[in-house]
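Visitor: Start from the sequences and build out the full structure, keeping to the hints where you can.
2 protein chains.
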Amino acid sequence: MTDATETETLQRPSQSSESNGATRERNERSILSAAERVFAQYGYRGASVQAIAEAAGLPKSNVLYYMGNKRGLYVRLLERMMARWNALLDDISVEDDPADVLEAFIRSKMQLSRQHPEGSRLFAAEILGGAPFLQGYLRGELRQWVQTRARIFEQWAERGLMDPVDPVWLIFLIWSATQHYADFEAQVLGITGKDEISDDDVERITRFLTQVILKGCGVKSR
Amino acid sequence: MTDATETETLQRPSQSSESNGATRERNERSILSAAERVFAQYGYRGASVQAIAEAAGLPKSNVLYYMGNKRGLYVRLLERMMARWNALLDDISVEDDPADVLEAFIRSKMQLSRQHPEGSRLFAAEILGGAPFLQGYLRGELRQWVQTRARIFEQWAERGLMDPVDPVWLIFLIWSATQHYADFEAQVLGITGKDEISDDDVERITRFLTQVILKGCGVKSR
DNA sequence: ATACATCCTGACCACTTGGTCAACAGGTGG
DNA sequence: CCACCTGTTGACCAAGTGGTCAGGATGTAT
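Chains A and B, in that order, give the protein sequences. Residue 194 in the UniProt record's numbering sits at position 194 of the first sequence, and the numbers go up by one each step. Residue 118 in the UniProt record's numbering sits at position 118 of the second sequence, and the numbers go up by one each step.
None of these hints come from the bench; they were simulated from the model. Hints may be right or wrong, so weigh each one.
[As the list claims (entries may be wrong)] Here are the in silico distance ranges between beta carbons for each label pair:
id: 1; chain 1: A; residue 1: 201; chain 2: B; residue 2: 69; range: 35 to 45 Å
id: 2; chain 1: A; residue 1: 155; chain 2: B; residue 2: 76; range: 32 to 42 Å
id: 3; chain 1: A; residue 1: 159; chain 2: B; residue 2: 89; range: 40 to 50 Å
id: 4; chain 1: A; residue 1: 76; chain 2: B; residue 2: 196; range: 28 to 38 Å
id: 5; chain 1: B; residue 1: 79; chain 2: A; residue 2: 140; range: 38 to 48 Å
id: 6; chain 1: B; residue 1: 196; chain 2: A; residue 2: 83; range: 25 to 35 Å
id: 7; chain 1: A; residue 1: 211; chain 2: B; residue 2: 159; range: 18 to 28 Å
Note that beta-carbon positions come from the ideal geometry of N, C-alpha and C, so glycine has one too.
Guide: What follows is the structure in structure tokens.
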């Protein structure tokens with residue numbers, strides 16, 4: 001029953017045209033996107049390839065055909081997120097205006113969490129689990145980045161452009177505050193009673209954080 | 001091979017004395033402690049009863065004997081953590097000193113994360129995954145608590161005791177900043193190069209956060 | 001047509017998952 | 001002695017896990 005004519009084509013994806021690498025690209029994109037969601041929600045161990053496949057609308061075998069294995073897929077997602085992260089870590093100098101730099105820092109970090117909430121949560125889940133895959137990155141590149149920034153904050157403090165707060169704790173404060181709205185979205189929504197965080201909310205939060213942190217650190221604009 | 005004499009006693013736990021409910025209590029404690037660690041690290045789905053049992057040094061069957069099933073164990077842990085949380089949510093009044101209240105708020109929240117890092121991470125993992133088990137709590141008790149506090153902050157602002165910042169975002173800021181050092185401990189350690197966060201560090205962070213947040217919100221002490 | 005590369009996927013594998021259960025040990029009270 | 005309760009645990013089960021693989025479809029180049 002429910003059987004069609006024998007000539008029914010079960011092979012769908014041909015679609016005549018598009019014979020370049022477009023198929024691969026399209027499928028990889030949808031797999032990566034689905035995997036980001038699933039890994040973010042359940043963590044590395046808790047996520048199943050089956051669940052990712054379903055979220056991507058593909059058979060499990062197909063996911064493994066493109067991604068090799070679960071571990072590789074996960075690492076690839078982490079690297080993609082780190083790349084996004086690095087993209088907004090432009091250099092700063094002691095000559096820059098502290099207020100401008102800090103505001104830009106908060107803004108861009110907030111936007112990153114906003115534009116890639118799943119990636120943000122994926123990252124958070126990885127750190128929560130002890131960062132088994134990101135130890136190297138944390139102890140290497142990121143640490144370096146934090147230290148150079150910290151030195152500049154200190155120099156600003158010496159020049160009386162801001163209070164002599166510990167610059168590393170300040171960076172952590174900004175990270176935690178900006179990340180919160182992506183990672184703990186469920187909590188924010190539950191408590192505020194909203195069913196989504198609007199662009200307006202994001203703008204208001206950004207301004208709130210900028211104001212409190214700049215004032216709190218005694219940052220003077222030139 | 002490797003077989004001992006037939007009379008070998010495989011039954012260990014007798015221990016002659018302690019015939020009260022002490023056995024149960026001891027075992028439950030070690031199971032709960034182990035489960036908190038494992039759930040925090042891997043999330044609800046990623047944690048296996050087997051892994052919890054090994055961490056507790058007991059056979060899997062024994063864990064299930066005491067806890068019924070995985071879900072029940074998880075819920076019990078969440079409830080325990082909520083109870084700890086509620087314990088420090090004492091009431092405040094408009095007549096209280098804003099500076100005192102906010103500092104006490106930051107301090108106690110910081111201590112909670114410090115004393116129960118696994119519980120804090122367990123909570124974080126639950127929220128990250130969309131808070132499937134905590135929706136009710138968030139939309140109920142916790143929301144209520146936030147709103148009453150928020151109203152008091154607003155009244156303080158009206159009386160000129162602090163800047164008119166959005167009180168809800170302020171509460172989230174404090175939560176995120178204080179929670180960060182437990183939840184993202186791996187990141188903090190990796191970047192600072194420390195191998196543990198000392199009591200001194202906690203005290204310094206607490207003072208830093210208090211200073212920045214109070215100053216940032218223009219809080220006046222009476 | 002032939003050959004080649006990419007793509008697709010159901011069947012299958014060994015292993016782990018959460019959970020049940022029966023058998024048994026130890027102690028207590030009658 | 002018995003009955004009863006608490007505690008213990010290996011054996012077992014159905015379902016799900018990550019991953020492999022053979023066999024086929026499709027399109028391009030020769």
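Visitor: All the hints need checking, so say for each whether the structure fits it.
Guide: For each hint, the structure was consulted:
Checking the proposed 35 to 45 Å range against residue 201/A and residue 69/B shows it holds: the Cβ atoms sit about 39 Å from each other. Between residue 155/A and residue 76/B the CB atoms are about 51 Å apart, so this pair departs from the stated range of 32 to 42 Å. A hinted range of 40 to 50 Å for the beta carbons of residue 159/A and residue 89/B is consistent with their spacing of about 42 Å. Our hint of 28 to 38 Å for residue 76/A and residue 196/B holds, since their Cβ atoms are close to 32 Å apart.
Between residue 79/B and residue 140/A the C-beta distance comes to about 40 Å, which sits within the given range of 38 to 48 Å. Look at residue 196/B against residue 83/A: about 31 Å separates their beta carbons, and that is inside 25 to 35 Å. For the pair residue 211/A and residue 159/B, the supplied restraint of 18 to 28 Å holds, since their beta-carbon distance comes to about 20 Å.
Violated hint for the displayed structure: number 2, the only one.
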